[in-house]
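For the protein sequence lines, the chains are A and B, in the order given. First residue of the first sequence: 23, per the working numbering; consecutive thereafter. First residue of the second sequence: 23, per the working numbering; consecutive thereafter.
Watch out, some of these pointers could steer you wrong.
Repeated chains share a single entry, so a pair holds when one copy, or any two copies, can fit it.
Lysine to any residue pairs mimicking SDA-like chemistry, simulated, CA-CA at most 20 angstroms apart [to be verified]:
#1 K442 <-> S102
#2 K313 <-> D165
#3 K367 <-> H139
#4 K390 <-> Q502
#5 K445 <-> Y471
#6 K167 <-> T638
#7 K360 <-> A150
#8 K360 <-> R142
#9 K445 <-> Q477
#10 K445 <-> A161
#11 K442 <-> D60
#12 K367 <-> A161
#13 K367 <-> S140
#14 K167 <-> Q570
#15 K134 <-> G52
#16 K134 <-> N280
#17 K134 <-> A81
Source of the hints: derived by calculation from the structure; they are not laboratory data.
Each chain, written out:
There are 2 protein chains.
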Amino acid sequence: MAEPTGSIVIEAVEPELDGTGRFAIKRIVGESVVVQADVFKEGHDILVAVLQWRHVAPAASTDGKWSEAPMQPLGNDRFSAEFPLSHLGRYAYTIEAWSDAFRTWVSELERKVAAGHSVRSELVEGAALLRQAALRASAQSPDAKRLLAAEQALLAGTPEAAVAAALEPGLSDLASRYPDRTHATRYLREVPVYADRPRAVFGAWYEFFPRSTGTDGKPGTFADAETLLPYIESLGFDIVYLPPIHPIGRAGRKGPNNVVSTNPDDLGSPWAIGSREGGHKSIHPALGTMKDFAHFKEAAEGRGLEVALDLAFQCSPDHPYIREHPEWFSWRPDGTLKTAENPPKRYDDIVNFDFLGPARESLWAELKSIVLFWIGEGVRIFRVDNPHTKPLPFWIWLIRQIQDAHPDVSFLAEAFTRPKMMKALAKAGFTQSYTYFTWRVFKQEIQDYLVELTQGPVAEYMRGNLWPNTPDILSDFLQQGGLPAFRIRLALAATLSPSYGIYSGYEWCEARAIPQTEEYLDSEKYQLRPWEIGSPDNISAYVSRINQIRRGNRSLQLYRNLRFYQADNDQVLFYGKKCPDGSNPLLIAVSLDPFSTQEVVLQIPLGDLGLGAEETFQVHELMKDGRALWRGPRAQVTLTPENPAAIWSVHRFARRENSFDYFD
Amino acid sequence: MAEPTGSIVIEAVEPELDGTGRFAIKRIVGESVVVQADVFKEGHDILVAVLQWRHVAPAASTDGKWSEAPMQPLGNDRFSAEFPLSHLGRYAYTIEAWSDAFRTWVSELERKVAAGHSVRSELVEGAALLRQAALRASAQSPDAKRLLAAEQALLAGTPEAAVAAALEPGLSDLASRYPDRTHATRYLREVPVYADRPRAVFGAWYEFFPRSTGTDGKPGTFADAETLLPYIESLGFDIVYLPPIHPIGRAGRKGPNNVVSTNPDDLGSPWAIGSREGGHKSIHPALGTMKDFAHFKEAAEGRGLEVALDLAFQCSPDHPYIREHPEWFSWRPDGTLKTAENPPKRYDDIVNFDFLGPARESLWAELKSIVLFWIGEGVRIFRVDNPHTKPLPFWIWLIRQIQDAHPDVSFLAEAFTRPKMMKALAKAGFTQSYTYFTWRVFKQEIQDYLVELTQGPVAEYMRGNLWPNTPDILSDFLQQGGLPAFRIRLALAATLSPSYGIYSGYEWCEARAIPQTEEYLDSEKYQLRPWEIGSPDNISAYVSRINQIRRGNRSLQLYRNLRFYQADNDQVLFYGKKCPDGSNPLLIAVSLDPFSTQEVVLQIPLGDLGLGAEETFQVHELMKDGRALWRGPRAQVTLTPENPAAIWSVHRFARRENSFDYFD
């Protein structure tokens with residue numbers, strides 16, 4: 023027989039992922055979580071539903087106690103409430119509901135009295151409910167005394183006086199404060215929520231290879247890289263992300279353009295981690311020492327730049343792990359080590375761990391210690407290489423382990439993989455994810471994809487970090503479109519999502535590829551490449567301007583507030599962002615055509631902006647700092663290859679003549 | 023650390039309700055269940071997914087063993103398979119998946135060979151995989167021998183010969199037949215499915231009060247009721263449903279039009295069950311004996327009519343239970359019994375059980391014994407009175423208890439309640455549900471609601487039984503629209519859902535109501551009402567015709583095959599039905615206007631019908647048995663108050679001149 027725990031149904035709880043209770047929805051500390059649920063039972067009782075929540079981790083910063091707030095009925099058996107995320111880390115919420123016995127009784131009493139029925143025995147019943155509530159209140163408390171006095175009023179005096187006492191305003195509220203929750207129903211799961219720091223959502227990333235910052239053809243050091251920080255700061259970025267900074271293996275080392283090296287001077291790929299000089303917890307000797315890294319990091323932080331490192335959980339065949347822990351790797355029947363491959367591609371310089379092999383416990387513990395090591399060095403953001411080639415259970419475990427102690431640590435998944443695996447990694451706990459934005463270049467495909475990313479169920483757990491280029495991807499659009507293409511893709515990435523990034527070279531519009539591929543020609547992955555900061559073909563000022571606008575407009579710092587609007591030109595994308603309270607409304611139009619000027623009529627979303635059809639309003643175009651007065655539902659604008667993007671801050675004229683006292 | 027059970031994700035499994043594993047989706051025995059799921063893991067392995075299912079209950083008719091079928095990849099990590107429901111009752115299905123080691127190896131080998139790589143050590147690896155597969159096959163079996171021979175072919179001979187042996191067609195299939203499932207991932211739930219008999223979906227119900235079948239003003243008996251069976255058979259119904267047939271209490275008895283009775287001759291409401299003569303397992307003495315009931319039931323079955331009874335789990339104050347089991351009821355503090363009420367309505371003749379009270383175990387057992395009692399008398403269909411006033415856990419328990427032993431038993435929920443409770447009762451296990459169809463009379467509201475009922479997620483577990491009238495509901499539309507209104511509502515109910523019903527009097531268009539209410543004037547619920555079969559205002563022939571068409575067209579016997587189409591007139595509903603294999607295509611147009619003739623242009627769904635734009639086809643209108651040739655995407659038709667509904671059976675001309683051999 024079913025458990026005697028009441029018969030209330032609590033279902034259709036939102037937000038919740040998959041209904042398994044395993045994966046957290048993601049929010050930012052300081053935000054509130056709005057929770058809704060269907061709550062109902064048989065019959066006609068008035069129900070009370072409460073939202074309960076608690077901060078679960080880190081253990082050190084939580085007392086684990088549940089807080090509680092009443093849920094408001096929205097009609098049709100739906101209830102809503104919200105709770106604040108005042109700490110970083112993991113929360114859980116659930117819902118409890120019970121019948122409000124006294125309020126139900128009052129409601130029936132009112133209707134019976136109105137229908138002229140005798141309510142003698144009902145009054146006895148109501149009095150008993152008040153006595154029970156009094157017993158649940160603190161003995162001798164004012165509330166208990168008031169409840170007992172009301173009980174007497176129901177039992178004594180005329181029926182009319184008793185009914186009046188029962189219906190007295192406030193009595194239901196008082197009695198409901200001491201409910202009988204013996205048979206309350208609790209939702210079957212505690213729903214996890216993760217509260218990240220704001221940087222998990224808002225940040226402009228700049229990726230560069232520190233070894234390319236040297237002068238006179240020599241490999242750069244952290245000290246060299248430090249000299250470029252003022253430049254990166256001037257571009258307006260928030261995060262500098264470094265590819266792996268560890269010793270590079272010799273075995274199978276790659277030379278320029280990914281050929282197997284024959285030249286002892288070749289530097290190899292930074293992702294071929296590990297040599298006699300050390301592994302994932304060491305720094306490549308040519309870059310400097312751990313102290314040099316710390317100095318670089320502090321210098322960056324002094325300029326408002328946070329340093330993100332690469333987590334590439336793989337080894338060069340020379341990695342010390344292979345000698346010390348052969349049990350962590352896969353060996354062929356002939357005794358040779360399996361190298362990484364995705365045929366016909368081979369990575370002779372890379373060996374994968376056997377993540378689910380017999381030695382997984384010690385392997386996972388070691389990999390966790392790598393993350394903790396760099397956390398110890400002050401790193402809080404990790405870009406994770408190829409997470410989709412490692413098992414999901416590992417990521418679920420690792421991210422949980424790390425964040426339960428260090429809730430300000432973020433993981434960006436380089437999840438260039440199949441759609442469902444990309445989402446599964448986000449559910450598994452990755453803070454952010456790379457996306458297919460890199461290849462979406464036409465209007466409808468951008469719009470459809472960004473709606474899916476920012477407004478669908480996916481937006482509860484996955485945050486797209488948009489990259490126009492990476493060391494692995496120089497897209498056709500950038501190869502073919504010249505400087506305007508670089509402006510367009512930057513403007514899109516920087517305004518469609520609060521998180522975006524570029525790989526250095528983008529700002530001087532590096533577009534030379536190995537023919538018929540997306541690979542950079544003479545890629546920095548395998549050789550030194552001098553920086554071309556002073557290149558005449560650069561869009562540095564454009565980059566600075568956009569990053570400055572991002573910092574000055576809170577709407578651009580939020581993820582789920584993107585809305586697309588109508589424009590009558592298939593080469594022009596038109597969208598808007600505003601804050602949840604309606605402030606800082608922005609309209610953005612970006613031409614997708616790097617070759618020609620585009621005229622477009624925009625359909626102004628007057629309703630979303632709270633503007634009347636006849637109202638004149640000011641738009642402040644932020645890219646060129648121009649102002650105009652617009653009115654009505656249409657605006658015609660021109661976008662050129664030189665200025666493909668317009669960002670209008672919309673300002674109402676708050677005061678009109680009839681706002682003044684003397685108007686009339 | 024996570025369980026070492028593999029790292030495959032199995033999610034987005036369909037069909038499944040709520041992701042709790044508690045509630046069954048509903049199907050009909052003989053149907054197949056098509057299952058889809060996302061199945062993927064890290065990396066590039068080729069995965070095998072299998073659907074597993076078993077018949078769970080009744081225990082007597084199942085061996086509980088799992089069957090298994092491979093799932094087919096649909097692309098984008100989605101897999102599909104189906105399984106047959108060959109028995110009545112409860113099934114469960116789940117999914118298991120694993121990496122196909124040998125096939126993955128072959129796929130990589132092919133690409134390495136194509137890229138010109140040496141595959142010496144790969145061949146050793148492949149040979150080991152074949153040996154392991156051989157060890158899993160029966161020793162000395164032909165398969166084991168073939169696998170060991172292939173192993174030798176990979177290890178001996180030239181690399182070219184070894185590769186050719188590895189790629190030999192059929193070897194992958196053979197090796198995959200003996201997979202290593204040690205680390206297979208199993209879906210976290212066994213998803214329940216319930217297979218009903220066909221009558222659970224297809225049936226026309228006829229409700230009548232047996233006591234109204236008497237002659238000369240005397241209450242009717244089962245013997246009297248029996249004489250009307252030929253008439254009901256002639257109307258074409260499948261089920262006769264009788265309101266409660268038990269002894270009626272004296273206390274608080276109701277007289278005509280629901281006033282408290284002052285006349286000792288008043289008969290009372292059949293829902294006030296229980297008196298000195300007995301309770302829920304007894305028959306009202308005025309109707310006859312248990313033997314008379316059995317005779318009536320057999321006579322009905324002889325005419326193809328199944329008898330459905332009312333399950334009203336409530337008591338008159340005179341019910342023997344109250345004396346024998348006071349612990350099953352709620353008592354007021356003053357010692358009086360609580361009667362049923364929904365203020366300002368009071369039911370002085372009815373007392374509710376205390377379903378969740380301290381004596382619930384014995385109460386639930388007794389209520390179950392009532393159902394089993396009538397099952398023992400051969401009843402298999404129960405219409406359940408007001409299920410939404412009883413706790414859901416009770417229904418979940420009761421229906422499961424009954425159906426696990428008697429899988430052919432159906433429960434129709436009289437769930438005229440809030441939308442979410444109506445759905446919750448269906449999830450709880452009710453076979454069918456009353457719906458809001460009774461009040462949906464205009465085009466858009468009918469269309470929206472029927473789409474929700476038959477095509478949304480609700481259709482997986484709820485089957486709407488459409489009733490134009492009930493003893494409690496004589497709708498405004500019927501009160502005001504005359505005979506045409508009765509034709510319209512009947513045609514809609516009988517063609518929108520395979521399950522529908524009318525309450526007797528409908529066919530002679532009884533439309534007299536208590537003013538400003540939906541209550542019948544002089545309702546049979548409280549007094550005798552002579553039948554008016556011979557009334558000149560009757561639509562009996564219309565009812566017969568529609569039921570005959572329902573029996574002759576399988577499309578009208580299915581629930582989820584309803585599709586709405588465009589018609590250019592807001593007073594005309596246009597829809598179609600066909601079988602899953604495309605056979606028996608019907609087009610149906612119903613005028614919703616009981617007062618005037620309506621002209622309408624129908625947009626013929628040529629695509630759905632598999633018709634070419636230029637193709638001429640025959641339509642056979644079944645209501646008036648007329649035929650016509652139509653062609654192209656539009657048809658103009660006229661619907662009148664006398665003939666408001668048209669049902670066209672669509673026939674292609676299967677053969678044309680170029681079907682003949684001598685055409686050319």
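Cross-check of the supplied hints:
no.: 1; hint: K442 <-> S102; verdict: between (31 angstroms within a copy, 16 angstroms between copies)
no.: 2; hint: K313 <-> D165; verdict: neither (65 angstroms within a copy, 64 angstroms between copies)
no.: 3; hint: K367 <-> H139; verdict: between (86 angstroms within a copy, 10 angstroms between copies)
no.: 4; hint: K390 <-> Q502; verdict: neither (43 angstroms within a copy, 76 angstroms between copies)
no.: 5; hint: K445 <-> Y471; verdict: within (13 angstroms within a copy, 34 angstroms between copies)
no.: 6; hint: K167 <-> T638; verdict: neither (62 angstroms within a copy, 86 angstroms between copies)
no.: 7; hint: K360 <-> A150; verdict: between (77 angstroms within a copy, 15 angstroms between copies)
no.: 8; hint: K360 <-> R142; verdict: between (86 angstroms within a copy, 13 angstroms between copies)
no.: 9; hint: K445 <-> Q477; verdict: within (14 angstroms within a copy, 28 angstroms between copies)
no.: 10; hint: K445 <-> A161; verdict: neither (55 angstroms within a copy, 44 angstroms between copies)
no.: 11; hint: K442 <-> D60; verdict: between (29 angstroms within a copy, 8 angstroms between copies)
no.: 12; hint: K367 <-> A161; verdict: neither (77 angstroms within a copy, 39 angstroms between copies)
no.: 13; hint: K367 <-> S140; verdict: between (87 angstroms within a copy, 13 angstroms between copies)
no.: 14; hint: K167 <-> Q570; verdict: neither (63 angstroms within a copy, 72 angstroms between copies)
no.: 15; hint: K134 <-> G52; verdict: neither (48 angstroms within a copy, 53 angstroms between copies)
no.: 16; hint: K134 <-> N280; verdict: between (86 angstroms within a copy, 18 angstroms between copies)
no.: 17; hint: K134 <-> A81; verdict: neither (54 angstroms within a copy, 50 angstroms between copies)
In this structure, the earlier hints numbered 2, 4, 6, 10, 12, 14, 15 and 17 are contradicted, and the remaining ones agree with it.
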